[in-house]
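S.K.: The residues making up each chain are set out below.
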Amino acid sequence: MITKPISRRTVLGLLAATALPHRAFAGPLEPAFFADAVAAGDLPDMTTRLPKNPRVINLAAMGRQVGTHGGKIRMLIGGQRDVRLVPVNSYARLVGYDAALALHPDVAESYTVEDGRIFTFTLREGHRWSDGSPFTAEDFRYAWDDVITNLDLNKGGPSQDLRSGDEVCAFEILDTLTVRYTFAAPAPDFLPRLAAPLPLILALPGAYLRQFNARYADEAALAPLIEEFRVDDWQGLHTKMSRQNRPENPDLPTLEAWRPRTAPPAEQFTFERNAFFHRVDETGQQLPYVDELELNVSSTEIITAKTATGESDLQLAGIGFPDYTLLKSAEKTYPLKVSLWKRTQGSAVSLMPNLNYLDPVWRALFHDVRVRRALSLAINRAEINKVIFYGLGREAADTVLPESSLYRPEYASAYADFDPEQANALLDEAGLATRDIYGTRLLPDGRAAGIIVESAGESSLETDVLELITDHFRDVGIPLYIRTSQRDIFRSRALGGAVMMSVWQGLDNGIPTADMSPEDLAPTSDAQLQWPVWGTYYSSGESAGEAPDMPEAQQLVDLLKQWRSTITTEDRAAIWHQMLALRAEQVFSIGTVNGGLQPIVRAANLRNLPDEGLFGFVPTSYLGAYLPDTLWFEREA
Amino acid sequence: MTDIPPLPHHVNPAPFDPYAADKVVDGRSFLAVASPRQLMWLNFKRHRLALVSGIFLLLIYAAILICEFLAPYDLHTRKTDYIYAPPQAIHIFHNGQLTAPFTYARSVTLNMENLQRIYTDDLTRPQPVRFFCSGDPYEFWGLIKSDNHLICPPTDGELFLLGTDRLGRDVLSRTIYGARISLTIGILGVMMSFVLGIVIGGLAGYHGGIFDLVVQRITEVLQSIPSIPLWMALAAIIPVTWSPLLVYVGITVILGLLDWTGLARAVRSKLLALREEDYVLAARLMGAGPGRIIGRHLIPGFMSHLIASATLTIPGMILGETALSFLGIGLRAPITSWGILLTEARSVNIIALYPWLMFPVVPVILVILAFNFLGDGLRDAADPYK
Amino acid sequence: MLRYIFWRVLAMIPTLFLISALVFAIIELPPGDYFESYVSELQALGEEADLAEIELLKERYGFDQPMVVRYVRWVGGMLTGDYGYSFEYRLPVNEVVGDRLWLTILVSTVTIIFTWALAFPIGLYAATHQYSFGDYGLTLVGLIGIAIPNFILALVMLYFANIWFGTSIGGLMDREFVNESMSWEKFKSILEHLWIPVLIIGAGGTAGMVRRLRANLLDELQKQYVTTARAKGLHPLKVLLKYPLRMALNFFISDIGSILPAVISGAEVTAIVLSLETTGPMLIKALQSQDMYLAGSFLMFLAFLTVIGVLVSDIALALLDPRIRLGQGSSK
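Residue numbers (my numbering), protein chains in the order written: chain A, 19 to 655; chain B, 45 to 430; chain C, -11 to 320.
Any given hint might turn out to be false.
Claimed, not checked - Restricting the straight-line Cα-Cα distance to at most 27 Å, the calculated cross-link-like pairs of lysine-lysine (BS3-like) are:
| no. | chain 1 | residue 1 | chain 2 | residue 2 |
| --- | --- | --- | --- | --- |
| 1 | C | 174 | B | 314 |
| 2 | A | 258 | C | 176 |
| 3 | C | 174 | A | 90 |
| 4 | C | 46 | A | 90 |
| 5 | A | 258 | C | 273 |
| 6 | A | 404 | A | 355 |
| 7 | C | 46 | A | 173 |
Hint data in this document are derived by calculation from the structure and do not stem from the laboratory.
Here the structure is a predicted model, which means the values were calculated and not measured.
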């Protein structure tokens, strides 16, 4: 049994909280943004609004500066659907990762784990939703009883994340501030799911949502609402009004740092600071520092151009590495600053030979590890790095990055050298020794051994890398034909075994810790293009797709299952290493270059954004783990 | 009746000759005996710009037959040491002396601050350009193997007259190869819509009745939906498994399929007017069938008009292809058209940093202008008896 | 006359029916559906889609049912004023269009006025000075507008307007005015941005219109009544304006049919590049993501406008020009 100890930072925070009266900083505690409302009595003052024990962010300890309130961050989004990136970035979670990928209680004041299966969360006393209503165990009860397990609303019942095997976990309220979830078996996925960019949601603002729930509201009250919001029934109404991942209902109370003020459709979305947000800096100023976010919808075509003319104060989305030169040159004319963060994918571009391809000859070849290794050895990664990434990437297989504690150099270097000779030898051995007059290898049945690689055609990066690889493969006698597919049918074709080889980015999370699930490594999802059919078998609970007929792939699934029953970090790390080693040996996906760079643009006077960081959706939630609520604008003296 | 004298007026003192207009003397009266074709040519020649455009188009269409020879590099040749290299100039003076055309050797440095490649000419190292020389090998029309080019890079250097793109491919060569696709798409598409327009419009106009009604409804329907959504829908059903060449044919067919309505309407209304003419009645009385009447007697009556308006729709097709490429549903690599080249060039990065990648817009403009002027000239000339 | 109108209106019904079938085909033809593209787009971002919600939507909108059933539902819905649901925006279709419609109408109206104001004098000049230097020059300028692919022209103008005039890039106004109510400042900001799309979209239209005006006018000017009028010694300007011009203008009226939908849809490609808050980009986006009801209902709306436009122009022509009435619209 392990008990999650209260982390050092929490201790510091608690100390700092008691030290509140002795403030070292001269700024007013009450954000000027609310001064009028507080004076008019519309809003309680800050001390009442904050929980009794707010989460104290010790900026000095993080090497950042204490800031001052105020200002508005302007950003650009490519479509109004992208407002969903706000809760991803703002990242208030029951528990969340910090930049070093350690888990910390955030919305929860503390939590404990027993036997790896009993999770107890203690809430902050006096914590409130953004509308001022209290945030208590009752909101967990509402979410559990009236939504998650309410088959009227949630047809499938509790999701897989709340079950161990088939058994749904047990939910108890210990007191108004303490809730407990008890699983039948260890659930190592549970906390990472709560800390995910799109988290498992355990609490909903019941006080607000009751009015849309037929258990509490009568038909007469619901009917006009159903009419007003143009939905078909109360279920639709409740779903629409309670959507947490898409901040589209300005009235829905939230715990995030900024709350939405605009209902779609709109061309501009504003978010304003949550008056009841639970974090403060070490001087006692309520976070976030920045009062407002303003997101403008713009066509993706011109986001780079707009950013380069100073129209965005913080831009991550819609710009890419090729735009760096332009953005950097804009630093001279506009008050902005560009930094390069490292992308966290296992590989910027990787090739996935489809082990479920319909053609039996090719399938047998792809199942032959020599062929996969040979294809990997045939790629000149140094050239790709030089041409596409200015030599700034790392030439490596598709595996975890050196930034991960699970990294070992042998994973990255496995079959990642440029060795056409050995590649040729391996292909000869694998039964592709015959060649035609043009030097193209012939399949055992006499056809030319050309590979059709399909790309979703989203980024020119993919097609550029493929152009280079085409030449590399030609040198070992394998012609490569690039085909750009529409993305929407790409997946269903891959699933049907119609795609021979696809190109995609590598592992989503290249910087895992042993406590994060290794499910990306094993065939678990139909989105894994090297074995979509096996992935379906797993994700559908063995009701669709086919079981892996390759021992190594099956072994990965077995290892994943073992990981699911572990309790200690050491055991988990051991399994991770077995899986990583297996993948490195088997080359299930052929990586090229990783550690690709992502430009991040900020206004020159926007402080507290690190110059270097890791950029990815999982596990850092883009900026989330870097605490965007601590960003602030320095005004000229 | 009063005795007011008549107004002063001119009276020709020469004796009246009723056949004067028919007399063939040199000069103007040539017009009276010239065949329609000669008249059209005369009329057309008056439109100078049309004449020039016609010649220009002939030349450029002749050029696409021999892209392989004209382009200094192959379509897919990459020089990864010369990424985003700006255009090179050809010099003929070195140290004040007239020499054979040459370029200066280039060296590249990486500016890691901006991540920009900086090219500098080495003014001490002239490298003579070669003509009628051997370069990248190719198969001419898939038959004749050769490596002869009009112009080739210096033996120990490169020749990028219009610079290179992000993979170090020569923009000039790609533009030349792109012409082959873009220009044929226009012609093939128009041919298709021409045939469809004449057949459908002709039948509708001649037969009238139910057939006419149906055709009219169909044209009306096709014309009331904006063309881009129609293109998109049709382009989306081209199977992804098709080879790029088939996709090319498919796109051509799409452009042609959606363009015939205008021509069909024109044919139909002309036919409606013409079929009441006496000579048609005469032909019918003499036992000619509808096919013969339409093909032999009616269509020639306004063929010139049709050709003129068809010429004017070619630019629309060329631009349509660029729009499809822009929307990402047009041709697919490795087939390269001007639309694809321009789509690759459509970012602010390129305008600001690598403007030479936008060069393909120049031939697009020239060709479209030429087709427009040619079409105008043809139309003005189409009715020589005006 | 009434009889003519009656028959024309009656003829619209099968046309609209055919259009609805074609529109439905357009949105159904591409393989896959919105949900597939949605799920894969999310996956490209590294996210998992909310599959439960998608299943719910699929069921509610009958994606498991045969095409015919969905078609009948869709048409039936439209007849009763229900235009379906936009999956992309998670809103009923008629709420999605919103403000975009007004901005589109603004851009288009200004563009049309611009086109006419420019095309008219140029056309007159070109027709009366056929093959002169001015004729060539003006045609050339007009043609360059059509000759450059709109997306390149838009991008270049966007870029240089920013560098030379400091106009903010894209959109129809500076970002601080987006949610503001109308004010002098906002109006100025709109004007500052409006000229680029108007110029780009208008250029092509102007060239076409100049060409038609010139051709029609040339035809008229060669007719005998013009010669007679000249011979009688009428002032040349009066000769031009009194009849030939009037006749040549008939095509302005017959253009109404094509103008109406253009006013609503806006020039899609240009609007996408310029990031205009008009309906064009919305339509293209909906088609791309296969947001079928939004795309379908909007296309149907456009087609309906065209049909109405053709009807109006036919009737207007018939009223204005007795020759056409007698011909019973045989040559529209």
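S.K.: All hints, please: hold or fail.
M.R.: Against the structure, the hints come out as follows:
Among the hinted pairs, residue 174/C with residue 314/B is inconsistent with the structure: their alpha-carbon atoms are about 52 Å apart, more than 27 Å. Proximity of residue 258/A to residue 176/C is assessed by CA-CA distance (about 38 Å); at most 27 Å being required, the pair is judged violated. Our distance criterion of 27 Å between C-alpha atoms is met by residue 174/C and residue 90/A, whose separation comes to about 20 Å. For the hint linking residue 46/C to residue 90/A, the alpha-carbon distance of about 39 Å lies beyond 27 Å, and the restraint is violated.
Distance hint between residue 258/A and residue 273/C is fulfilled; the C-alpha atoms sit about 23 Å from each other, no more than 27 Å. For the suggested pair residue 404/A and residue 355/A, the alpha carbons sit about 25 Å apart, so the restraint of at most 27 Å is met. With a CA separation close to 14 Å, the supplied pair residue 46/C and residue 173/A stays within the 27 Å bound.
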